[in-house]
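Protein chains in written order, with our numbering: chain P, 1 to 350; chain S, 1 to 164.
Simulated from the structure, these hints should not be mistaken for laboratory data. These numbers were taken from a predicted model, which means no experiment stands behind them. Glycine is no exception: its CB is placed at the ideal position from the N, C-alpha and C atoms. Any given hint might turn out to be false.
[Stated by the list, open to error] Computed beta-carbon distance windows for the label pairs:
| id | chain 1 | residue 1 | chain 2 | residue 2 | range |
| --- | --- | --- | --- | --- | --- |
| 1 | S | Asn-26 | P | Glu-7 | 50 to 60 Å |
| 2 | P | Ser-46 | S | Ala-19 | 53 to 63 Å |
| 3 | P | Tyr-316 | S | Ala-105 | 55 to 65 Å |
| 4 | P | Pro-317 | S | Ile-158 | 28 to 38 Å |
| 5 | S | Pro-142 | P | Gly-66 | 58 to 68 Å |
| 6 | S | Phe-8 | P | Met-44 | 51 to 61 Å |
| 7 | S | Pro-142 | P | Thr-111 | 40 to 50 Å |
| 8 | S | Asp-164 | P | Gln-45 | 40 to 50 Å |
Each chain, written out:
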Amino acid sequence: MTVVLAEIPYWGQSLLRVLGGLVAVLLPAGTIVYVFLFKMMSFMQSRLGPMEAGPYGSMQLFAEVGKWLQKEDIVPERADARIFKMAPIIVLVSTFLLVAVVPFGPDAWFTDFETGIFYALAVSSISVLGILIAGWSSANKYSLLGGLRAAGQLIAYELPMVLAVIGVVIQAGTMNLQKIVVAQNSGSMFGIDAVGHPYVISQFIGFIIFMIAIQAELTQAPFDMPIAESELVSGYMTEYSGFRFLIFFIGEFATAGVFAMIASVLFLGGWGVPFAWFGWTSIDSIDNWMNFAGPLIMFTKMMLLVFIIMWIRFSYPRLREDQLQRFAWKGLIPVALGNIAVTSILKVVF
Amino acid sequence: MIAQNIGFWIIALMMIGAALRVVTTNNVVHAALWLVVVLSGAAGQYILLAAEFVAITQVLVYIGAVMVLFLFGTMLTRARIGAESDLNNSYKKLGIPVGLIMLVAMGLALTDSFGDERLPESATVVSTQEISDQIFGPYLLPFWALSFVLLAAVVGAIVLARKD
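Whenever a hint applies, use it, and build me the whole structure from the sequences.
Printed below as a string of structure tokens:
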């Protein structure tokens with residue numbers, strides 16, 4: 001690949017990638033919280049939202065972080081202190097491991113993993129462990145119930161997520177996220193290559209299933225049974241305060257951002273634009289400026305998908321526990337299996 | 001000594017320590033969490049052997065599914081916070097010889113089949129694609145047979161769980 005990066009020594013590239021990972025997790029998280037949680041929710045409820053800190057309340061986020069950091073880090077007396085303190089960190093580590101495979105440009109990636117999407121699905125399941133032990137170690141009935149509900153829900157919705165991804169993998173013929181991006185942008189539909197071949201069109205069912213599944217994986221309403229504040233106070237997070245609550249909070253929205261990035265890589269063409277626009281033929285012939293434009297394109301697509309997630313979150317009431325399980329096992333999973341069967345038949349036929 | 005060997009020993013020592021804690025700790029959830037450390041150590045070893053597919057499968061199946069289900073089950077039924085006195089019983093002494101026999105049997109099997117033979121240095125890294133070509137080519141029949149074993153387990157679980 002013809003690259004700017006090639007002139008930077010290996011340690012410099014590694015440092016850049018680590019810093020890039022931090023930015024890729026924290027910047028979307030902050031933007032999502034401000035734009036959607038503070039402002040969009042307020043507008044949907046006919047109020048202004050935060051207005052005092054900075055212009056249009058744009059500095060509110062820093063005020064909130066400062067507030068949480070100075071609060072006392074309370075551990076309940078009968079809690080299992082060591083595990084209680086460890087749990088939020090497991091959740092955040094899972095998010096950082098997740099972002100490691102997301103490509104942001106032809107050379108702007110952290111790791112070019114051959115089985116990237118498989119890895120992403122595997123490490124995303126680590127956060128369940130953190131949530132489960134957070135609920136248990138709090139020594140609180142509400143927390144334990146929240147943790148158990150969360151585990152049941154996350155296991156149930158991981159399956160349709162994996163099955164929805166399989167359709168894309170069959171179409172692209174690879175599990176490498178970078179190659180999935182290239183396959184979409186260099187493809188064509190009915191001989192027209194001006195729009196490439198984003199899988200949101202040919203894998204529309206898979207896209208819908210994937211978006212529903214990540215809504216549930218993120219425990220956003222209408223799938224917020226685990227933290228249902230009117231029944232369980234706030235589920236597994238009830239006993240957390242100060243910066244440990246902050247870590248859970250950042251983890252929630254950072255994971256929303258990373259999942260939206262993965263969804264945009266799988267279905268919307270990721271960092272790329274259709275290669276036909278600029279006459280690129282393969283990943284090696286892409287101009288260098290895509291390494292800078294790519295992350296911005298990716299960010300735009302991510303914001304679009306998070307907007308949909310948040311729109312649904314603010315619009316629909318919570319599902320009951322049995323409805324939620326029935327929806328996953330009897331609705332999404334059979335449809336996803338059917339989607340795989342149809343996709344593989346069409347793949348063989350064409 | 002190359003970097004992989006140093007990494008191997010660090011991870012191996014960590015795994016042994018964690019494995020000892022699994023059997024000596026007196027809280028069932030702590031034991032499960034130490035087991036998570038052991039299993040992720042195994043995943044790390046697979047990565048050092050350049051077997052990324054096996055490593056990821058290890059994380060997905062053992063940490064993401066088996067251990068979560070295990071914790072889920074214990075938390076639903078009996079997981080208390082703090083030390084439990086009835087975790088160890090008289091079978092504990094039986095475990096040590098069983099473990100030793102396993103170690104000897106596996107060690108013998110390994111040395112018997114490989115001996116002092118050195119694996120060729122230039123052994124190419126087996127890619128995930130090659131693994132799938134093997135599974136869905138020459139080894140398709142054993143793969144199917146395994147899936148029937150899983151099906152039997154699923155049917156058994158449903159039979160046990162149904163009240164009527």
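Hint check:
1. Asn-26/S with Glu-7/P: 50 to 60 Å: This hint holds: roughly 57 Å between Cβ atoms.
2. Ser-46/P with Ala-19/S: 53 to 63 Å: 59 Å Cβ-Cβ, so the 53 to 63 Å window holds.
3. Tyr-316/P with Ala-105/S: 55 to 65 Å: 57 Å Cβ-Cβ, so the 55 to 65 Å window holds.
4. Pro-317/P with Ile-158/S: 28 to 38 Å: With a Cβ separation near 32 Å, Pro-317/P and Ile-158/S satisfy 28 to 38 Å, so the hint holds.
5. Pro-142/S with Gly-66/P: 58 to 68 Å: 60 Å, holds
6. Phe-8/S with Met-44/P: 51 to 61 Å: With Cβ atoms ~55 Å apart, the hint holds.
7. Pro-142/S with Thr-111/P: 40 to 50 Å: 32 Å, violated
8. Asp-164/S with Gln-45/P: 40 to 50 Å: 47 Å, holds
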